[in-house]
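*Asks:* Letter by letter, the chains look like this.
2 protein chains.
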Amino acid sequence: MAIILKGDVVAQALNEESSTLVDELKNKGIIPKLVIIRVGEKKEDLAYERGAKKSMEKVGVLTEVKALPEDISQDEMEKVISEVNSDESAHGILLFRPLPKTLDEEKIISLIAPEKDVDCANGNSLVGVFTGKGGEKGCFAPCTARAAMEILKYYDIKISGKKAVVLGRSLVIGKPVAMMLLDENATVTICHSKTENMEKICSEADILVSAMGRLKSVNENHVNTNQVIIDVGINWDAEKGGISGDVDFNNVENSVKAITPVPGGVGGVTSSVLANHVVKAAQTKTNFKPNREDR
Amino acid sequence: MAIILKGDVVAQALNEESSTLVDELKNKGIIPKLVIIRVGEKKEDLAYERGAKKSMEKVGVLTEVKALPEDISQDEMEKVISEVNSDESAHGILLFRPLPKTLDEEKIISLIAPEKDVDCANGNSLVGVFTGKGGEKGCFAPCTARAAMEILKYYDIKISGKKAVVLGRSLVIGKPVAMMLLDENATVTICHSKTENMEKICSEADILVSAMGRLKSVNENHVNTNQVIIDVGINWDAEKGGISGDVDFNNVENSVKAITPVPGGVGGVTSSVLANHVVKAAQTKTNFKPNREDR
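Protein chains in written order, with the working numbering: chain X, 1038 to 1332; chain D, 1038 to 1332.
Honestly, the hints are just simulated from the structure, not real lab data.
Treat the hints with care, as some may be off.
One copy or two, it doesn't matter: identical chains are merged, so the pair holds either way.
Here are the simulated BS3-like pairs of lysine-lysine, each with C-alpha atoms no more than 25 Å apart in a straight line [what the hints assert, rightly or not]:
id	residue 1	residue 2
1	K1231	K1322
2	K1237	K1294
3	K1170	K1103
4	K1231	K1190
5	K1144	K1174
Keep in mind it's a predicted model, so treat the numbers as computed, not measured.
Isolated chain X, as found in the complex (with noise of 0.2 Å):
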């Protein structure tokens, strides 16, 4: 029987260190605040605020939404970019995407100031990722990249000298979580749709993370007895009625050393992991006045 890696506990953590971090900034007047800006109405968008809100008032964090109308035009939208930036009570921007086709979204997502960038929506923020030095100059890893790193630390899975491999190469979670594992010493293998022999690379890796959104893909043959798998797959799962991940939990559970739930796993901390980003987006503010340009 493998060990589930449970995300609750993982979040717990983290929400503890946020709560410390929030109290020591009230002491000094500031309340961190995230900003969370919504284009239309969408059913997922407005779940997912649902989500985020609760996360942040745990902690003690403000929300604040900016619910834009969907025919919101370019300029109206980057004005409100740029007054969220320049907004000293607002610390993190949470832009929900994609936007509607009549924006330009690079545009817009290009204009979010680095230090608010909390889920690593542009380009400043993922260079950091690449080079490994986003910590550094206060640049955000996407939640769920972090999200999965998160869980390795917590259950103190050594990941230095390690082979780890990681399936799907978006820049939401696969190429950064490869990025962030290589930070840590592993030796990362990226794997996607036109990898040969995918099972018998699987099956060599001691840690498997899986990024693919594809529903049951991994199975049996892609496993060893003692590999630790992060399931960051979210898919719809017809049989079940409910939301299972990449691999087939059933299937692998008895071959696996660990394995983090879907759902109760990856997803359960992400929204913990955006909190943390926003104090600590508060935290950096109050320690120096970055200035952009240096940037």
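Got chain X; can you put chain D on it based on the hints?
*Replies:* Positioned in the frame of chain X, the structure of chain D alone reads:
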């Protein structure tokens, strides 16, 4: 006996492409120009400068050298960058590094205009490599990383689906070449000083790119008879009284399918890539006036 992947023919093909583009640009009244910025008179810088000048001449690209005093101030240095940025006749900037310790190198390189950053010195360019969208945005990859890719392309070596192992994780070559191989659909593994079982991992590679900078550290234990080796290492070999690569060439020559020699491999392609980048930068500029805010 392995196929020897010589760089000279690759450089020649690249130069021919560049020359044709230069002729087209000249017909429009544009002469591509590289501005080399050198601080002090370091022997390596001067040698590189001579080589670069020669490569530019070969394809009809002008070179202007800004030779600056060792004791130049930060302000003066920033002014030079800003002048070259706004000089309409300058299409590429090559800044020799490391700069003297008295200067804030990171700040200075961050000021180089992305569209003139022909050797991928700053973060704007690196993020293009990381996202795989650098080409679309007129960003340039590090010249040595592209040189390695050009060799694979010239010799028609299949990359898609193949296992590529990159030794080294520097921002100049290891990480960028890993991302470029991934863009070409290789399954990429990044190894480094902390990697365990390096020999076994390497011996399973279809393509092995070594960029460790460690003399003869790759030998017959790291290879297989179907393997293609790109040796990016440039190391002083006292025994030979000259330059050798990371790979013990004589030791593996009969055990692999193909290999780049050192010297005469990747090194011979790099400055042709640089010239090609300057030409492309000039060409891009004639096609559209990039709006810096858009990047």
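*Asks:* What label fits K1231 with K1190 when the C-alpha limit is 25 Å: within, between, both, or neither?
*Replies:* between (30 Å within a copy, 18 Å between copies)
*Asks:* First find the shortest C-alpha distance between K1231 and K1322 inside one copy, then the shortest across copies, and answer within, between, both or neither for a cut-off of 25 Å.
*Replies:* neither (43 Å within a copy, 35 Å between copies)
*Asks:* Checking an output row: K1170 and K1103, CA cutoff 25 Å. Within, between, both or neither?
*Replies:* The answer is neither: 31 Å in one copy and 30 Å across copies each exceed 25 Å.
*Asks:* Is it within, between, both, or neither for K1237 and K1294, if the alpha carbons may be no more than 25 Å apart?
*Replies:* both (18 Å within a copy, 23 Å between copies)
*Asks:* For K1144 vs K1174, is the C-alpha pair at or below 25 Å within one copy, between two copies, both, or neither?
*Replies:* This pair counts as both: shortest intra-copy Cα distance 22 Å, inter-copy 13 Å.
When each numbered hint is compared with the structure, violations occur for hints 1 and 3.
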